[in-house]
Amino acid sequence: MLYEFANGVINRGPLEVFFILITDVPGCIGLGFRTAAGFIAVVISLFYLAKKDLSKPELLMAVRLVVLFEAGYWFLSFFMSGVWGVAAFLDPFAGFGSLILMTIMNTLPCFVQSIGLVAVLIKLFFELSPNKPAKNAIKWGLITGTFYVFVFWLNNTGMWIAALVEKGLDYILLYPSNMFSFLFSTVGLYLLAFYTAYFAKKSMNTESFKLLNPQAIGAIVTLVGIYFCANYVMWIFLDSVGGWGSWYAWILGHNLDLWAMSLPFIGVPLLFQPKLKR
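The working numbering puts the sequence shown at residues 25 to 302.
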């Protein structure tokens, strides 16, 4: 490991090494925040499965910590990567096409995640207060959920655009599985984000969590999970169709959202949960 680190530093320019340090180091710290958030979420789930109910203040504190750690993850992991993308415009040797591609697949998604998503997560953190009405937390919880689906669409659409620039249109025209994944990413996730926004707007005035439509929430959560499951399972059975490229490198190696494959375990039971009448 030390050899690889020294070799990488020696064979890269000082500016490139600098940007690697300011993006990778905060990214590792950000992963620590998400690990902490995941650990708390697992503990909450175990308490629920063991039928040992937490008190309302304990549950609220745990959820607030999960939200706060998630905000830390998104900011630390992606903000400086967005700055790196902006810095690329200062490179006199960078072509216009490469800068546009960098903006689509890196700069824009990183800033949306590290600024927009973090802003709504922090707002949700403050609204999850025992001194505030549940209506506020519901409103910002719905906005946050919508933002997550939009971020998933933005990330994966950007990576598919990068893959098509690299491989050409034949990458999807000649391979039905790639076409399915492309349409699921660019059109399917967009429609899901649109429906999530519609549901959020319609439900914002709900005054109790119990009055939310569990079937709609379950459908959204399940479909997000199915998206990631489908891409991963297709790779297991079909391998890298059309050859290894940036899409497969992203969805399998660099994609930090594969945790969403577990979402159907939450979403499917909600599909069968009866909706309470007002």
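These are computed hints drawn from the structure, not numbers from a lab.
Possibly wrong hints are sitting among the right ones.
[Said to hold, decoys possible] The calculated lysine to any residue pairs, modelled on SDA-like cross-linking and capped at a C-alpha distance of 25 Å, are:
1) K76 x S232
2) K299 x L78
3) K299 x L197
4) K159 x L178
[As the list claims (entries may be wrong)] Simulated restraints, written as ranges between beta carbons of each label pair:
5) L282 x L83: 47 to 57 Å
6) F296 x A111: 23 to 33 Å
7) V49 x I290: 25 to 35 Å
8) V107 x K159: 35 to 45 Å
9) F261 x N155: 46 to 56 Å
10) A254 x L84: 15 to 25 Å
11) F261 x P81: 23 to 33 Å
12) A143 x V292: 24 to 34 Å
13) N160 x G192: 13 to 23 Å
14) F296 x C52: 15 to 25 Å
15) S264 x K159: 46 to 56 Å
16) A111 x L215: 33 to 43 Å
17) F261 x K226: 18 to 28 Å
18) N237 x L198: 40 to 50 Å
For glycine and all other residues, C-beta sits at the position ideal for the given N, C-alpha and C.
Hints and how they fare:
Between K76 and S232 the CA atoms are separated by roughly 23 Å; this keeps the pair inside 25 Å, and the hint holds. Distance hint between K299 and L78 is fulfilled; the C-alpha atoms sit about 24 Å from each other, no more than 25 Å. For the proposed pair K299 and L197, the alpha carbon gap of about 43 Å is over 25 Å, so the pair is violated. Taken as a hint, the K159 and L178 pair is broken in the structure, with Cα atoms around 29 Å apart against an allowance of 25 Å.
Between L282 and L83 the Cβ separation comes to about 27 Å, which falls outside the hinted range of 47 to 57 Å. Here the CB-CB span from F296 to A111 is close to 50 Å, at odds with the stated 23 to 33 Å. Between V49 and I290 the C-beta distance comes to about 33 Å, which sits within the given range of 25 to 35 Å. Range check, V107 to K159: Cβ separation about 37 Å, and the 35 to 45 Å hint holds.
Checked against the given bound of 46 to 56 Å, the beta carbons of F261 and N155, roughly 52 Å apart, stay inside it. About 35 Å separates the C-beta atoms of A254 and L84, a value inconsistent with the hinted range of 15 to 25 Å. The hinted range of 23 to 33 Å is not satisfied by F261 and P81, whose Cβ atoms lie roughly 47 Å apart. Between A143 and V292 the CB atoms are about 31 Å apart, so this pair conforms to the stated range of 24 to 34 Å.
A hinted range of 13 to 23 Å for the beta carbons of N160 and G192 is inconsistent with their spacing of about 49 Å. Restraint check, F296 to C52: a C-beta distance of roughly 40 Å breaks the suggested window 15 to 25 Å. At roughly 48 Å, the beta carbons of S264 and K159 sit within the given window of 46 to 56 Å. The beta-carbon spacing between A111 and L215, approximately 35 Å, falls within the hinted interval of 33 to 43 Å.
Between F261 and K226 the CB atoms are about 39 Å apart, so this pair departs from the stated range of 18 to 28 Å. One distance hint, 40 to 50 Å for the beta-carbon pair N237 and L198, holds here, with the actual separation near 42 Å.
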